[in-house]
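S.K.: Sequence:
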Amino acid sequence: MDHKRQRQPRQTIELEQLKNDPHSFLALRFDDPVLRKLETYRLYQAGYAAADIAAAFGFARSYLYDLWRRFEAAGTAALVNKHWGAAPRQRTTEREAAVLRAKALQPGRGDSDLGQAFGMDRTTVYDLLKEHGLQDLHRILDDATPEAAPDPPAEDGEKGGASKRSSVPRHSL
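Quick note on the numbering used here: the sequence shown kicks off at 1 and runs consecutively.
Hints listed in this document are in silico derivations from the structure and should not be mistaken for laboratory results. Here a beta-carbon is modelled for each residue, glycine too, at the ideal position from N, C-alpha and C. Please note: incorrect hints may appear among the correct ones.
Using C-beta positions, here's what the derived DEER-type ranges look like [stated by the list, open to error]:
| id | residue 1 | residue 2 | range |
| --- | --- | --- | --- |
| 1 | Ala78 | Pro107 | 46 to 52 Å |
| 2 | Ala74 | His23 | 43 to 49 Å |
| 3 | Leu134 | Asp31 | 24 to 30 Å |
| 4 | Val34 | Ala98 | 21 to 27 Å |
| 5 | Gly119 | Ala60 | 45 to 51 Å |
| 6 | Asp127 | Ala77 | 34 to 40 Å |
| 7 | Arg122 | Gln11 | 47 to 53 Å |
| 8 | Gly58 | Asp113 | 40 to 46 Å |
Sequences are here, hints too, so could you generate the full structure?
M.R.: This is the structure in structure tokens:
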């Protein structure tokens, strides 16, 4: 008869105990994110279950498996988060004012053009203009312009040279 593999009893991992363990990477620097990730790998190699490690460190199991796979392939460089720190904020008050000023002075400029000129993503520019009611400024101005002046007389003396009637005769019904 087949014997089912019995689940090992859960092991609780106490980070405070690891902090005082001389074999733990957390004893070096408890708050270092790279050492914390390296410690997860050490514990996994020591036989702890991935679910227990994930629960103790606050990671998802799938993330840990991916992390360990990358670590085995690329070494410690895989443990370094390349996105540390916040990116410089592109939407500063000064930059917003400059974008709004440029749109007001040249309503026909598009989001992509303004974004490229001011180092912002076009969707950020779109959102900014929409917040201030300037997104469709070119349409508003086109609708608000007074009717165009009458066309100059045509060369043949008829009124409205640009709006000549069609040469196709109209038939009455």
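S.K.: Each hint should be assessed against the structure and marked as holding or not.
M.R.: Against the structure, the hints:
Checking the proposed 46 to 52 Å range against Ala78 and Pro107 shows it holds: the Cβ atoms sit about 49 Å from each other. Between Ala74 and His23, the C-beta spacing of about 24 Å breaks the proposed range 43 to 49 Å. A hinted range of 24 to 30 Å for the beta carbons of Leu134 and Asp31 is inconsistent with their spacing of about 45 Å. Range check, Val34 to Ala98: about 39 Å between beta-carbon atoms, so the 21 to 27 Å window is missed.
Checked against the given bound of 45 to 51 Å, the beta carbons of Gly119 and Ala60, roughly 35 Å apart, lie outside it. Evaluation of the 34 to 40 Å hint for Asp127 and Ala77 yields a pass: the beta carbon distance comes to about 36 Å. Our hint of 47 to 53 Å for Arg122 and Gln11 holds, since their Cβ atoms are close to 51 Å apart. Checked against the hint of 40 to 46 Å, the pair Gly58 and Asp113 passes, with Cβ atoms roughly 44 Å apart.
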